[in-house]
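With the sequences and hints as input, model every part of the structure.
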Amino acid sequence: MPEISLNILDVAENSVRAEASLVEITVSVQPAEDTLTVVIRDDGCGMTKEQAARVQDPFFTTRTTRKVGLGVPFFKQAAESTGGTFRIDSEKGKGTTVKAVFGLSHIDRMPLGDISATVQTLIVFNEHIDFRYTYEYGTRSFVLDTREMREMLGQEISFSEPEVSAFIKEYLETNKAETDGGRDI
Amino acid sequence: MKSLEELRAIREKMQGKVGVRAENENQTRVVVGMATCGIASGARPVLTALSDAVQEQNLSEKISVTQTGCIGLCQYEPIVEVMEPGKEKVTYVKMTPEKALEVLRLHLLGGQVVTKYTLSAAKDNNA
Numbered sequence: 001m002p003e004i005s006l007n008i009l010d011v012a013e014n015s016v017r018a019e020a021s022l023v024e025i026t027v028s029v030q031p032a033e034d035t036l037t038v039v040i041r042d043d044g045c046g047m048t049k050e051q052a053a054r055v056q057d058p059f060f061t062t063r064t065t066r067k068v069g070l071g072v073p074f075f076k077q078a079a080e081s082t083g084g085t086f087r088i089d090s091e092k093g094k095g096t097t098v099k100a101v102f103g104l105s106h107i108d109r110m111p112l113g114d115i116s117a118t119v120q121t122l123i124v125f126n127e128h129i130d131f132r133y134t135y136e137y138g139t140r141s142f143v144l145d146t147r148e149m150r151e152m153l154g155q156e157i158s159f160s161e162p163e164v165s166a167f168i169k170e171y172l173e174t175n176k177a178e179t180d181g182g183r184d185i
Numbered sequence: 001m002k003s004l005e006e007l008r009a010i011r012e013k014m015q016g017k018v019g020v021r022a023e024n025e026n027q028t029r030v031v032v033g034m035a036t037c038g039i040a041s042g043a044r045p046v047l048t049a050l051s052d053a054v055q056e057q058n059l060s061e062k063i064s065v066t067q068t069g070c071i072g073l074c075q076y077e078p079i080v081e082v083m084e085p086g087k088e089k090v091t092y093v094k095m096t097p098e099k100a101l102e103v104l105r106l107h108l109l110g111g112q113v114v115t116k117y118t119l120s121a122a123k124d125n126n127a
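Line order of the protein sequences matches chains A and B.
Residues 1 to 185 (our numbering) make up the first sequence, in order.
Residues 1 to 127 (our numbering) make up the second sequence, in order.
Hints in this document: simulated from the structure, not taken from any laboratory.
Careful: at least some of the hints might be erroneous.
No more than 25 Å apart at the CA atoms, straight line, and that leaves these computed lysine to any residue pairs for SDA-like [claimed, not checked]: (1) B/K94 x B/L73; (2) B/K116 x B/L73; (3) B/K2 x A/Q30; (4) B/K116 x B/C70; (5) B/K2 x A/D145; (6) B/K89 x A/R63; (7) A/K169 x B/Q15; (8) A/K169 x B/E61; (9) B/K13 x B/D52; (10) B/K89 x B/A121; (11) A/K67 x B/K123.
Next up, the structure:
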């Protein structure tokens, strides 16, 4: 994966498949601590302790179409190779939380990438799931919560309507730039 | 900061214009592989390009763009499958946003399969 945002997209797709009704994604950039932290939390079907340990093994997958499962191992390796940490906490029936901490200034840290496009893709193509996305830079932050969007928009209008989809993209991009000052992360 | 208030305005504007968009049997399904293999090879921009084009050209009655998991052909990702009612499925491989828009224009709108991008063409080239 060339970008952290694509790892987020991939791992969040696991939450979709775990039949989550709410997926919370937080990206926190903390220059003072030299960290970039990603947390993906869902209320999906969860895993047992053994399963949670096994998904970190590239040769484990529940798929039948291929024999490897690289999503979680990619994410883990990307974080750990920057002096960061990675953990999965999961409880069967309750949900799963994935947390990856990257060394922000580490030479091997891949760029965050187009996180706004990633979040937009998740929201528009998984309309039956609520998303709460938080982006932090230092002490500044913004949130996009699809439950709040629904309240404004009503139930009838789809997020995939061109105007709505374009608004989501613009909202994410504008507020990200105001939060991090338009820096390349 | 931009606020969600703008959604209210969109809602007012679209009042009454939105019909129920149930999937129907006559719809052509366009499916983009979005598992690890697809995402790593660039499926996100392909999905966005197709979906944006379908919305912008008001084709969503006719064509639905959705995502799927891994179909076991990881080396050919990004993969786009086109399923037209009553016709055999066409599998397009190693897609880019540009190639996908070509498929939309020539195949989905023009009715001609873009043979050079299909799985069978890719397999013939490797043989």
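Cross-check of the supplied hints:
1. Under the criterion of a C-alpha separation no larger than 25 Å, the hint pairing B/K94 with B/L73 is consistent with the structure, at around 11 Å.
2. Between B/K116 and B/L73, the direct Cα distance comes to roughly 18 Å. Compliance with the 25 Å bound is thereby established for this hinted pair.
3. For a cut-off of 25 Å, the pair hint linking B/K2 to A/Q30 stands: about 23 Å separates their Cα positions.
4. Between the alpha carbons of B/K116 and B/C70 the distance comes to roughly 22 Å, so the proposed pair stays at or under 25 Å and holds.
5. Note on B/K2 and A/D145: the hinted pairing holds, with a Cα-Cα distance of about 13 Å set against a maximum of 25 Å.
6. For the proposed pair B/K89 and A/R63, the alpha carbon gap of about 22 Å is at most 25 Å, so the pair holds.
7. Taking the CA atoms of A/K169 and B/Q15, the gap is about 22 Å. The hint holds against a cut of 25 Å.
8. Of the supplied pair hints, the one linking A/K169 and B/E61 holds, its CA atoms being roughly 23 Å apart against a limit of 25 Å.
9. For the suggested pair B/K13 and B/D52, the alpha carbons sit about 20 Å apart, so the restraint of at most 25 Å is met.
10. Of the supplied pair hints, the one linking B/K89 and B/A121 holds, its CA atoms being roughly 15 Å apart against a limit of 25 Å.
11. Between the alpha carbons of A/K67 and B/K123 the distance comes to roughly 22 Å, so the proposed pair stays at or under 25 Å and holds.
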